[in-house]
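J.: Sequence:
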Amino acid sequence: MAQAKKRTPEQLQELGNMTQGLLHNINNSLATIAGYSEFLCEDLPRNSQTHGFAEKIQHSAEHIKTMVHQLWMINGISDIPPSGMSETTDLAEIIETILLDIAETVSKNLGIILDFEVQEDLHNTKITGHQGYLTLAILGLINNAIESFLDQQKGEYALQKI
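The sequence shown begins at 23 in the numbering used here and counts up by one.
Bear in mind the hints are in silico, worked out from the structure with no lab data behind them. One or more of the hints may lead you astray.
[Claimed, not checked] Pairwise CB distance ranges (calculated): (1) Trp94 with Lys148: 24 to 30 Å; (2) Leu62 with Thr110: 45 to 51 Å; (3) Thr110 with Gly74: 49 to 55 Å; (4) Trp94 with Glu32: 20 to 26 Å; (5) Ala167 with Asn39: 30 to 36 Å; (6) Asn69 with Asp143: 51 to 57 Å; (7) Thr72 with Thr150: 50 to 56 Å; (8) Asp65 with Thr150: 51 to 57 Å; (9) Glu77 with Thr150: 41 to 47 Å; (10) Thr41 with Leu144: 18 to 24 Å; (11) Gln71 with Gln42: 36 to 42 Å; (12) Tyr58 with Gln33: 36 to 42 Å; (13) Lys148 with Thr72: 51 to 57 Å.
Computed from a predicted structure; not experimentally measured. Glycine included, every Cβ here is placed at the ideal spot set by N, Cα and C.
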């Protein structure tokens, strides 16, 4: 059985730096793709097949933009502390920050309005862990909840409890 190799803080920092560079390059290319597809949508006849293709390119670019944005949000991964080191954070604050940050994107891309309210008993709930990993876990849960609505008609949904 293969044994996982432990990474040094320097190796993890370098991985984070490489990730940032990769995200930067993806974002630059994505801006070009999104910009030109927007021009195409403006110039092509509204009901034409090519207009539909250009719209699909735009939607895909927005989807990738959302994923890149999520990766930027969790890029605290480049600052992963050595084993055993973590920080204590307010769970409600993390959830509210993430939801506020993605609410606009979700509304624009999926037509879903995030009307959220973090339960009162969750406030002042302290959680210990690495901020990047906590954010990644919460984003995964939120993403799963959002994907469950994709088969339904676009509309307004209220997520009552998180």
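J.: With 51 to 57 Å as the target window, see if Lys148 and Thr72 comply at their CB atoms.
T.: holds (54 Å)
J.: Can you let me know if the beta-carbon spacing of Leu62 and Thr110 is within 45 to 51 Å?
T.: This hint holds: roughly 50 Å between Cβ atoms.
J.: Measuring from beta carbon to beta carbon, are Trp94 and Glu32 in 20 to 26 Å?
T.: The hinted range 20 to 26 Å holds for Trp94 and Glu32, with Cβ atoms some 22 Å apart.
J.: Could you check the hint for me, namely that Thr110 and Gly74 are 49 to 55 Å apart, CB to CB?
T.: Holds: the Cβ-Cβ distance is about 50 Å, inside 49 to 55 Å.
J.: Could one say that the CB atoms of Asp65 and Thr150 fall in the range 51 to 57 Å?
T.: holds (54 Å)
J.: Okay, Gln71 versus Gln42 on CB: inside 36 to 42 Å?
T.: holds (39 Å)
J.: Should the hint that Trp94 and Lys148 are 24 to 30 Å apart at their CB atoms be regarded as holding?
T.: holds (26 Å)
J.: Indicate whether the distance between the beta carbons of Asn69 and Asp143 respects the range 51 to 57 Å.
T.: 52 Å Cβ-Cβ, so the 51 to 57 Å window holds.
J.: Can you tell me whether the CB distance of Thr41 to Leu144 sits inside 18 to 24 Å?
T.: violated (31 Å)
J.: Okay, Glu77 versus Thr150 on CB: inside 41 to 47 Å?
T.: Between Glu77 and Thr150, where Cβ atoms are some 45 Å apart, the hint holds.
J.: CB of Tyr58 to CB of Gln33, is that within 36 to 42 Å?
T.: Distance hint for Tyr58, Gln33 holds at roughly 38 Å.
J.: Between Ala167 and Asn39, does the beta-carbon spacing fit 30 to 36 Å?
T.: holds (32 Å)
Going down the numbered hints, you'll see the structure goes against just number 10.
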